[in-house]
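> Line order of the protein sequences matches chains H and V. Residue numbering for the first sequence follows full-length UniProt numbering, beginning at 1 and increasing consecutively. Residue numbering for the second sequence follows full-length UniProt numbering, beginning at 1 and increasing consecutively.
Keep in mind the hints are simulated off the structure, nothing from the lab. Please note: incorrect hints may appear among the correct ones.
What the hints assert, rightly or not - Taking beta-carbon pairs under 10 Å as the criterion, some of the chain V residues facing chain H (in silico):
| no. | residue |
| --- | --- |
| 1 | Lys-55 |
| 2 | His-625 |
| 3 | Ser-628 |
| 4 | Ser-667 |
| 5 | Ile-668 |
| 6 | Gln-692 |
| 7 | Lys-694 |
| 8 | Leu-734 |
| 9 | Asp-740 |
| 10 | Arg-749 |
| 11 | Thr-888 |
| 12 | Pro-892 |
Unchecked claim - Sample of chain H residues lacking proximity to chain V, with all beta carbon distances greater than 10 Å (derived):
| no. | residue |
| --- | --- |
| 13 | Lys-121 |
| 14 | Gln-124 |
| 15 | Phe-132 |
| 16 | Ile-219 |
| 17 | Ala-264 |
Stated by the list, open to error - Below, computed lysine-lysine pairings styled on DSS-like, alpha-carbon distance capped at 25 Å:
| no. | chain 1 | residue 1 | chain 2 | residue 2 |
| --- | --- | --- | --- | --- |
| 18 | H | Lys-209 | V | Lys-676 |
| 19 | V | Lys-236 | V | Lys-246 |
| 20 | V | Lys-917 | V | Lys-980 |
| 21 | H | Lys-121 | V | Lys-648 |
| 22 | V | Lys-132 | V | Lys-215 |
| 23 | V | Lys-704 | H | Lys-209 |
| 24 | V | Lys-686 | V | Lys-880 |
| 25 | H | Lys-245 | V | Lys-880 |
| 26 | V | Lys-171 | V | Lys-260 |
| 27 | V | Lys-823 | H | Lys-209 |
| 28 | V | Lys-200 | V | Lys-215 |
| 29 | V | Lys-242 | V | Lys-298 |
| 30 | V | Lys-475 | V | Lys-917 |
| 31 | H | Lys-195 | V | Lys-648 |
Model, not experiment: these values are computed from the prediction. From the three backbone atoms N, C-alpha and C, an ideal C-beta is built for every residue, glycine too.
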Amino acid sequence: MGVLFFRWVLVLTLLLTCALGFQSDELLLDDEEFGIEGGRSSSFQSDSLPPSTAATSTSRKRFSESASDSKIQFTLQHAFGDSDFSDAGNFSARLKTWSHGGQTLTKLRFKRDPLTDVEQKNFQELLRGDDFYRIRLPSNVLSPPGREYIISSVKSRCLPGDGLEEHFVIHMEGVNVLAVNYGAPGACPYPRQLKLPAKWSFKSHTVLKNSEQAPRAPIFAEDALGGEEGDGEVLKPIERSFWAKYWMYLIPLGLIVMNAVTQAMNMPEEQPGGQPGAPAQQQPGSAVQRGPSSGAVRRR
Amino acid sequence: MAMAIRVFLLLLLFLSSTNIGYSLFEDQVGLMDWHQQYIGKVKHALFHTQKTGRKRVLVSTEENVVASLDLRHGEIFWRHVLGTDDVVDGLDIALGKYVITLSSDGSILRAWNLPDGQMVWETSLQGSKQSKSILYIPKNLKADKDDLILVFGKGCLYAVSGIDGEVLWRKDFAGESIEVSRIIQSTDKIYVAGFVGSSKFYVYGLNADTGELLKNDHTILPCDTFGELLSVSGDKFVVLDKMRSKILTINIKNGEISYKQKPISDLIKDSSGQAVILPSRLPELFALRIDSHLLTIKVTNEDDLVLVDKINNAAVVSDALSISEGQHAFAFIQHEGSNIHLFVKDINDRNGELLKESIIIDHQRGNIERIFINNYVRTDRSYGFRALMVMEDHSLLLIQQGEIVWSREDGLASVVDVTTSELPVEKEGVSVAKVEQNLFEWLKGHVLKLKGTLMIASPEDVVAIQALRLRSSEKSKMTRDHNGFRKLLIVLTRARKVFALHTGDGRIVWSILLHTLRKTEVCEHPVGLNIYQWQVPHHHALDENPSIVVVGRCGPGLAAPAVLSFIDAYTGKELNSLRLAHTIAQVIPLPYTDSTEQRLHLIIDIDQHAYLYPRTPEAIDILQHEFSNVYWYSVEADNGVVRGHALKSNCIHKMDEYCFDFRDLWSIVFPFESEKIIATVTRKSKEVVHTQAKVMTDYDVMYKYVSNNILFVANAAPKAMGEIGTATPEEAWLVIYIIDTVTGRILHRMTHHGCQGPVRAVFSENWVVYHYFNLRAHRYEMSVIEVYDQSRADNKDVWKFVLGKHNLTSPMSSYYRPEVTTKSQSYFFTHSVKAIDVTLTSKGITSKQLLIGTIGDQVLALDKRFLDPRRTLNPSQAEKEEGIIPLTDSLPIVSQSYITHSLKVEGLRGIVTVPAKLESTSLVFAYGVDLFFTQIAPSRTYDSLTEDFSNALLLLTIVALVAAIFVTWVLSERKDLQEKWK
């Protein structure tokens, strides 16, 4: 039931944003712990608000002061080349306070303000010069701009696709934004061609990323390697195959066999050439006898 | 248990069989490697020449080395390198057989046995306060038959027994807020004198036996004082007043303090400069420097000051030396062009010149900074003097009879940066045959080698063979060789001197003391920063010399004015030098060269400008062409920010066409409360990667993510920044980042919980290996991260290649959304690591070895295969064939794989690898207090014959075979004929 409702809300929001000319793409944090908790849809329900109502140019607003969950917003600002930064959109997310005191953001969604005519013109200028389109975010979402703004930029000619396409990966550490990977969602081949977008609206994809755990060094208990099997397994590589062990004997043996075979093959052939019968019968005899006989053959 | 042992033994056997290729035979030592031992710039020197035995000089240096040198040849008898934080403050001889050193701000007192340098005892002195540390060994002062050593350190006075280092008594001065500056002894009392503030003079009298406080007196001097208090004799001190115009004489006879003052103008007329009292210890006398004059002033019994002598242009003054009863001498130096005049004078006699010598010293050694003298009895029973001189380039010279007896290039103990240069191409006219003396010698050598190969050589022959191999003149020739083993190592030292060392035998080819980085009024604290290759001619290699550029700064801060100096790499001549109008924060060698093959460099200053060098119109053209493709990054470690930059336009406010503005493209801000940058590493710009793809065991292909613009950053938790053990595992973590430096994208990010620095890392190809401490496991760990490119991962189908439907040839751009996967694994490693590097080969085909500078100052070569993230517990047959080693929890340390074999590179600070032309071989240079160089072949020398391959044996075999063929042919013919006639 909850899932159904959740889907319904999602579709509604999507429709709503499409209708407004934005394509705000919500990508939920791929958080396993969160999934396991199970209370995802119900909690979402309670404080989900249509993003359009939240869109204000103020940097941040808290909607709910609940101890474990609250909603926050922070603004995206952009600049064309070396111009000053101006507001470009809003990120809204849920701030989750954990029992151990840590705070994390989940359910980030993004809504871009429509580009004004001036901004469109600026953007065209930017595309012609293949200059940088720059964005910035506060480094702390609770007390923006925090210590400093997080800047990221992209060559403007990477963005136009069908419309304008952008992709955010926001690296978080608690409530601090460390960095934002900003750019086109796909390729941006060099040399970059001048291409004006068909429509001046952004299609945005956003992803939140937190730090991963490093794999631990493998720790072997004393008996992990100690069993009989383990012993055998280590022994194996030392034990070589029959061929590997005896090749030095096998090759000469093979050569000898081959030699013998060819000799055996040759002999019947030689016999028709020579005196048939006689030498073959003489062969078992002494070598002294063979000498004169062969000599006789050649002298003939 | 028995099983475990058996498994262990088997494992050992297996590992030793895999590693056998790297080890070295005893007779191969010194063939390709060399090792040089240094001590650093000498701070204190003590001569020990009284006994008839070996004459030696004991020194302590700025590299924290305590050493005993042979006075005849300058060789090291023994040497101890103390830790980097263990700075030696005092050096003296006690009981005639122990060398006493005081180090670590007066908290560690050690006694070393004089003949062999064995440590006899060590005492740790605890104290609470930071203070000056003084080591004072009184003559004939005994407490309960123990010879006393008095040490002041950490705000306490200690009396230590000279025999076993036991602390006999201790007097704490920490509560008195007194800055103790002198300890004096009079019969059985000890006086401690010092200041509170700069005008309150305190004297404490203590009982030498018990440390009991007998007297305590103080007086307020009429004026503030300047500089150090100098003790003239048992109970007299001199000090300058704050205006440096008066000399105060303080007398503490019987604990009563009395003082007198005298204006300097009474002693010397028409002096205008600032006076300084020199710290030389001269009995009854002190030396005062004013303008360019040196005044020796006697303090009479009535505390009057009498001018004894006035010396012009004296550069350095030694301490006084007692030559006989009541006779003291001191030495001073006068510079006159490249000539140096050494004077030894009797202290009390104005005209008593005991010695006057003039010596010519190579001007590349600079000025004399310190002098220590010693006397000896000549054959005619008169006194002779020898002087030990410390030069501006930190070298050490011994002068006797007007000649340099020996010299040590101890500047090489403090290498700051290293680069390499090729040697000149062998030209026509330089005959190779000159090297092979004559045919007979050549033949003899080969016969000897042959004997060695056939194992019929006598022991004498073996020695001769070894000697022959070691002095093979081939390796020390001054021309380029086919294999690229011979190169010049160009090193910059802390003394701002540049040396070129030959890789063959480590000799100094040339050296130059940088003229622009000498200490002058304009440049008071010059520092040499880096050394870069400036011009590397390939097309004009025959008629043009390569050159290097040295970057320096006139002070420790970033804002200090900067200096560039260009040096010819073959001759060591300074081609040009520039005093820059801007500062230097960062130097970026660009991957472009102009038509004369000079490399373009961007220098970033602290005011956000970039300057292009060389300053030629051609360079501007090249840069304009690549203007939008120049990116760089900067790391602000204190601030926790990494930024990316790109060029914007010419400077707006400056009329300089070589000046550019730049802008910030991206920034990564690490939160202060959880992370602090402790290490950053990038790939070496010259590294060549041969294979882009890696074929897995299941015939799957993984493409390496190879990018030049990649940065590894290691951050530690702020609480775990200190020493290991100061933080608990819960409050320590290490966060690892791999960042693309063009777009600022974080490609990979990973947290090691319960781990802390120091982090040492190396980045090569698509992998990074780093070393850190795991607090939970109480062990050091090494981790590897390999980065693979997923965007090219579908290029596996043969048909795609046939039809040309692959994207392998399409240009890579940093603006692509990176699709990377990483594989990582951690292993325990026993040692802590001082430096880490990886072998470099010219084509990148040869497998890699990690070179790890261990805590024992050795260099360990560890195969990269051990740090493969794909190691599994039970590798399949296919994996084994690929060379995957079964997974173990720790990395093996096989004693044969130490490339430094039995040697130690004391005080190891860095390892530099350079590819040879021969693909299999990499040249390794490790530096610290010592220097070590060797060649290593990680996959053995598969592309060349070994050094000891006997060509003669091969020839002989061929000749013998040919002869045998003929003989057997003739024999068979004859036999045939005989048979036919039968």
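> So, for every hint listed, does it hold in this structure?
Here is what the structure says about each hint:
The restraint placing V:Lys-55 at the interface with chain H is violated, with a minimum CB-CB distance near 55 Å, outside the 10 Å limit. Hint status for V:His-625 relative to chain H: violated, with the closest Cβ pair at about 14 Å, above 10 Å. The beta carbon of V:Ser-628 comes within 7 Å of a beta carbon in chain H, closer than 10 Å, and the hint placing it at the interface holds. Hint status for V:Ser-667: holds, given a least beta-carbon distance of 5 Å to chain H, under 10 Å.
A cut of 10 Å between beta carbons decides the hint on V:Ile-668: the least distance to chain H is about 4 Å, and the hint holds. For V:Gln-692, the shortest C-beta to C-beta distance to chain H is roughly 18 Å, which exceeds 10 Å, and the interface hint is violated. Of the supplied interface hints, the one on V:Lys-694 is violated, with its beta-carbon coming no nearer than about 19 Å to a beta-carbon of chain H, more than 10 Å. Against a cut-off of 10 Å between C-beta atoms, the interface hint on V:Leu-734 holds, since the closest Cβ of chain H lies about 8 Å away.
For V:Asp-740, the shortest C-beta to C-beta distance to chain H is roughly 9 Å, which falls under 10 Å, so the interface hint holds. Against a cut-off of 10 Å between C-beta atoms, the interface hint on V:Arg-749 holds, since the closest Cβ of chain H lies about 5 Å away. Look at V:Thr-888: its Cβ gets to within about 8 Å of chain H, closer than 10 Å, so that hint holds up. Hint status for V:Pro-892 relative to chain H: violated, with the closest Cβ pair at about 14 Å, above 10 Å.
The non-interface label for H:Lys-121 is consistent with chain V: the shortest C-beta to C-beta separation is roughly 21 Å, beyond 10 Å. Distance check on H:Gln-124: its Cβ is at least 19 Å (rounded) from any Cβ of chain V, clearing the 10 Å threshold; non-interface status holds. Residue placement check: H:Phe-132 does not keep its beta carbon more than 10 Å from all beta carbons of chain V (closest about 6 Å). Under the 10 Å C-beta cut-off, the non-interface status given to H:Ile-219 relative to chain V is violated; the minimum distance is some 6 Å.
Listed as outside the interface, H:Ala-264 is consistent with that label: its C-beta sits roughly 25 Å from the nearest C-beta of chain V, beyond the 10 Å cut-off. Distance restraint check for H:Lys-209 and V:Lys-676: the Cα-Cα separation of roughly 20 Å lies within the 25 Å cut-off, and the hinted pair is therefore satisfied. Annotation: proposed proximity of V:Lys-236 to V:Lys-246 holds, straight-line Cα distance about 16 Å (limit 25 Å). For the proposed pair V:Lys-917 and V:Lys-980, the alpha carbon gap of about 61 Å is over 25 Å, so the pair is violated.
Of the pairs offered as hints, the one joining H:Lys-121 and V:Lys-648 holds, with about 21 Å between alpha carbons and a cut-off of 25 Å not exceeded. Note on V:Lys-132 and V:Lys-215: the hinted pairing holds, with a Cα-Cα distance of about 23 Å set against a maximum of 25 Å. At roughly 23 Å between alpha-carbon atoms, V:Lys-704 and H:Lys-209 fall within 25 Å of each other, so this suggested pair holds. Simply put, V:Lys-686 and V:Lys-880 have alpha-carbon atoms about 32 Å apart, too far for the 25 Å limit, and the pair is violated.
Distance restraint check for H:Lys-245 and V:Lys-880: the Cα-Cα separation of roughly 19 Å lies within the 25 Å cut-off, and the hinted pair is therefore satisfied. Taking the CA atoms of V:Lys-171 and V:Lys-260, the gap is about 30 Å. The hint is violated against a cut of 25 Å. A hinted pair counts as satisfied when its Cα atoms are at most 25 Å apart, and V:Lys-823 with H:Lys-209 qualifies at roughly 18 Å. Simply put, V:Lys-200 and V:Lys-215 have alpha-carbon atoms about 16 Å apart, close enough for the 25 Å limit, and the pair holds.
Proposed proximity of V:Lys-242 and V:Lys-298 is supported: the alpha carbons are some 21 Å apart, at most 25 Å. Restraint check for V:Lys-475 and V:Lys-917: satisfied, since their Cα atoms lie roughly 15 Å apart, inside the 25 Å limit. Among the hinted pairs, H:Lys-195 with V:Lys-648 is consistent with the structure: their alpha-carbon atoms are about 23 Å apart, no more than 25 Å.
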